[in-house]
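*Asks:* Kindly generate the complete structure, drawing on both the sequences and the hints.
Line by line, the protein sequences are chains A and B. Each residue of the first sequence is one higher than the one before, counting from 1 in our numbering. Each residue of the second sequence is one higher than the one before, counting from 1 in our numbering.
These are computed hints drawn from the structure, not numbers from a lab. Every value quoted in this text rests on a predicted model; they were computed, and no experiment measured them. A portion of the hints provided could be inaccurate.
Stated by the list, open to error - Listed next, the in silico DSS-like pairs over lysine-lysine satisfying Cα-Cα at most 25 Å (straight line): (1) Lys120/B - Lys244/A; (2) Lys164/A - Lys120/B; (3) Lys85/A - Lys158/A; (4) Lys120/B - Lys158/A; (5) Lys63/B - Lys164/A; (6) Lys184/B - Lys239/B; (7) Lys9/A - Lys158/A; (8) Lys158/A - Lys63/B; (9) Lys158/A - Lys81/B; (10) Lys129/B - Lys164/A.
Said to hold, decoys possible - Residues from chain A that keep clear of chain B, each with C-beta distances beyond 12 Å, as calculated: (11) Phe47; (12) Gly49; (13) Ser91; (14) Gln98; (15) Pro101; (16) Glu149; (17) Phe154; (18) Thr206; (19) Leu242.
To be verified - Label-pair restraints from in silico Cβ distances: (20) Arg44/B - Asn142/A: 33 to 43 Å; (21) Asn195/B - Leu242/A: 38 to 48 Å; (22) Gly55/B - Val63/A: 54 to 64 Å; (23) Pro144/A - Lys129/B: 21 to 31 Å; (24) Ala100/A - Glu75/B: 54 to 64 Å; (25) Gly117/B - Pro198/A: 35 to 45 Å; (26) Pro5/A - Asp247/B: 32 to 42 Å.
For glycine and all other residues, C-beta sits at the position ideal for the given N, C-alpha and C.
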Amino acid sequence: MRNRPLLLKLLSALIVFGGWEIAGRIPVSNAFPTFLESMSALAILTFDGTLFTAYAETLKPLVVGIAISAFLGIGIGLWTGLSSKFDWLFSPIFIVMQAAPLAALIPLLIIAYGIGLTSKVFVVCIMAMPVIVLNTSGAVRNTPSSMIEMARAFLANKRDVILKVIVPAASPIIFSGLRLGISAGFIGAILAELKITPTGVGDIITFSRSIADYPSMYAAIFSIILLAVLFLNLLEKIEIYLFKGNVRGYASD
Amino acid sequence: MPQTKEEVGTLQTQEIDYAVRVSGVSKTYGDVEALRDLSLDFPRGQLTSLLGPSGCGKTTLLKIIAGLLSSDSGEVEVNGKPVTGPGPDRAFVFQDFALLPWASVLRNVGFGLELRGVAKSEREGIAEKYIRDVGLTGFENSYPHELSGGMRQRVGLARALSVDAQVLLMDEPFSAVDEQTRRKFQEDLLSLVQNHDKTFIFVTHSIEEAVYVSDQVAILLPRPSRVSEIIRPTSIRNKSKDSIRRDPEYLDIVDRIWESLRSYVE
Numbered sequence: 001m002r003n004r005p006l007l008l009k010l011l012s013a014l015i016v017f018g019g020w021e022i023a024g025r026i027p028v029s030n031a032f033p034t035f036l037e038s039m040s041a042l043a044i045l046t047f048d049g050t051l052f053t054a055y056a057e058t059l060k061p062l063v064v065g066i067a068i069s070a071f072l073g074i075g076i077g078l079w080t081g082l083s084s085k086f087d088w089l090f091s092p093i094f095i096v097m098q099a100a101p102l103a104a105l106i107p108l109l110i111i112a113y114g115i116g117l118t119s120k121v122f123v124v125c126i127m128a129m130p131v132i133v134l135n136t137s138g139a140v141r142n143t144p145s146s147m148i149e150m151a152r153a154f155l156a157n158k159r160d161v162i163l164k165v166i167v168p169a170a171s172p173i174i175f176s177g178l179r180l181g182i183s184a185g186f187i188g189a190i191l192a193e194l195k196i197t198p199t200g201v202g203d204i205i206t207f208s209r210s211i212a213d214y215p216s217m218y219a220a221i222f223s224i225i226l227l228a229v230l231f232l233n234l235l236e237k238i239e240i241y242l243f244k245g246n247v248r249g250y251a252s253d
Numbered sequence: 001m002p003q004t005k006e007e008v009g010t011l012q013t014q015e016i017d018y019a020v021r022v023s024g025v026s027k028t029y030g031d032v033e034a035l036r037d038l039s040l041d042f043p044r045g046q047l048t049s050l051l052g053p054s055g056c057g058k059t060t061l062l063k064i065i066a067g068l069l070s071s072d073s074g075e076v077e078v079n080g081k082p083v084t085g086p087g088p089d090r091a092f093v094f095q096d097f098a099l100l101p102w103a104s105v106l107r108n109v110g111f112g113l114e115l116r117g118v119a120k121s122e123r124e125g126i127a128e129k130y131i132r133d134v135g136l137t138g139f140e141n142s143y144p145h146e147l148s149g150g151m152r153q154r155v156g157l158a159r160a161l162s163v164d165a166q167v168l169l170m171d172e173p174f175s176a177v178d179e180q181t182r183r184k185f186q187e188d189l190l191s192l193v194q195n196h197d198k199t200f201i202f203v204t205h206s207i208e209e210a211v212y213v214s215d216q217v218a219i220l221l222p223r224p225s226r227v228s229e230i231i232r233p234t235s236i237r238n239k240s241k242d243s244i245r246r247d248p249e250y251l252d253i254v255d256r257i258w259e260s261l262r263s264y265v266e
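*Replies:* See the structure below:
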């Protein structure tokens, strides 16, 4: 039984990469390299160190932005979920943020915060935070009332109710918000590098495209997706470690 | 003849030790009047059922006794002290079990003690004892979703027993388990009442269940909510668990309660 998911994972990877290879060989477009070409470009980028220097640059706004979004997002989410007054105050901001066409707002951010790290962190936060906040507050509001009643009947104070019942009960949805938010944060980090100043992975993408080195461009895109998947797996491990009984198996991993 | 509410008043004057006394309690939710001037006493060490059709306010009354709801008027006393909120003298068993899905059976059973600040090793020792008592040995590290409905309610019962409260409040505890498990639970409840010096308040909508397990059955009727009758199936209580269900008096009482309830059931 343990081997079957692994086998399925390999099979699905084989189908996707096989499809990519075939589409590249036809080719569907001159700008679409095959899987093997992209992978060899990835190997070259990795071994000559380009990829590492690029990620040193890209990870800065990404990590800072995701950290801010996760802590602040869960904090504000808990707050708005617990108090209808703050919900009324904050939720509209995040709903607007989620719906806003970010690419069009980037020039405004540049005017306000320049072309440095601050603007890029903002882009990551605008992408990542709304879904984290909205998921957290929704989950907090939907805590089964009987569980809260149970805690109160067994003499829980307000702090116990929040820390021992509401937060763990909301954790599956908070974590799914984190997963969605972090994926969006990765998109935001690359978007910032494409739209604000080409640095890091965004620079590899822009530069390779300008010299028609499509395998390198796709290699860079592939690497960022790979990193995102690995990061989401890590997040899932953390969730399983923290709230074992809540986890009844995921389709992903 | 059925005892009426006035006769409840005469019962109070007798020398019976009451663990819980409810007097003149009213509760309205918006336009809905859940309870109106309800008075009822619960003798110590006995099991009292609150029986009635849905919407008669029996769960509301139980939650007011638990301190989870406040009444609009009237008083509730537990061991002579007025109830202002949940207290260590009462423990609650929930209809939907209300277990923490992320916590193991051991932590769920010890959760009441955890909230009281009992040290981990001590509360786990106590929890293990009650897990054994309810027959769940070997499931200490299982999670609620791995257990059947009946086993989950055993966890809920062990949690309530482990805090060692004098009054056990049970809100239709067996209504979400299957019929066979339910019968077993009813038999277990009889020995629980016999072996522990605790006062049980038991909400149910099953007439048979109420008569089978109770020392005193309070029949609640809606529109307006009131205690219409108190029945004490005393002679059944001395019979063995197995013969109660065939006892003519048991069957008579069940029939009599149904007669008085049927007009309220649509």
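*Asks:* Indicate, hint by hint, whether the structure satisfies it.
*Replies:* Here's how the hints hold up against the structure:
1. Lys120/B - Lys244/A: Measuring from Cα to Cα gives roughly 19 Å; hence the hint holds.
2. Lys164/A - Lys120/B: Cα-Cα ~15 Å, so holds.
3. Lys85/A - Lys158/A: holds, 18 Å
4. Lys120/B - Lys158/A: Status holds; Cα separation ~21 Å.
5. Lys63/B - Lys164/A: Holds. Lysine 63/B to lysine 164/A sits at ~22 Å (cutoff 25 Å).
6. Lys184/B - Lys239/B: The given pair, whose Cα atoms are some 17 Å apart, holds under the 25 Å limit.
7. Lys9/A - Lys158/A: violated, 45 Å
8. Lys158/A - Lys63/B: Roughly 19 Å between the alpha carbons, so the hint for lysine 158/A and lysine 63/B holds.
9. Lys158/A - Lys81/B: holds, 24 Å
10. Lys129/B - Lys164/A: holds, 23 Å
11. Phe47: holds, 45 Å
12. Gly49: With a cut-off of 12 Å, glycine 49/A remains clear of chain B, as the shortest Cβ separation is near 44 Å.
13. Ser91: Serine 91/A clear of chain B: closest Cβ-Cβ about 27 Å, beyond 12 Å.
14. Gln98: holds, 28 Å
15. Pro101: Holds, because the least Cβ-Cβ distance between proline 101/A and chain B comes to about 39 Å, which exceeds 12 Å.
16. Glu149: violated, 6 Å
17. Phe154: violated, 4 Å
18. Thr206: holds, 45 Å
19. Leu242: Violated, because the least Cβ-Cβ distance between leucine 242/A and chain B comes to about 8 Å, which does not exceed 12 Å.
20. Arg44/B - Asn142/A: 33 to 43 Å: Taking Cβ atoms as reference, arginine 44/B and asparagine 142/A lie about 40 Å apart, which means the hint holds.
21. Asn195/B - Leu242/A: 38 to 48 Å: holds, 40 Å
22. Gly55/B - Val63/A: 54 to 64 Å: Distance hint for glycine 55/B, valine 63/A holds at roughly 57 Å.
23. Pro144/A - Lys129/B: 21 to 31 Å: Since proline 144/A and lysine 129/B have Cβ atoms about 28 Å apart, the given range 21 to 31 Å holds.
24. Ala100/A - Glu75/B: 54 to 64 Å: Given about 57 Å between the Cβ atoms, the range holds.
25. Gly117/B - Pro198/A: 35 to 45 Å: Once the Cβ atoms are compared, 57 Å apart, the range 35 to 45 Å for proline 198/A and glycine 117/B is violated.
26. Pro5/A - Asp247/B: 32 to 42 Å: violated, 58 Å
Comparing the model with each earlier hint shows violations of hints 7, 16, 17, 19, 25, 26; every other hint is respected.
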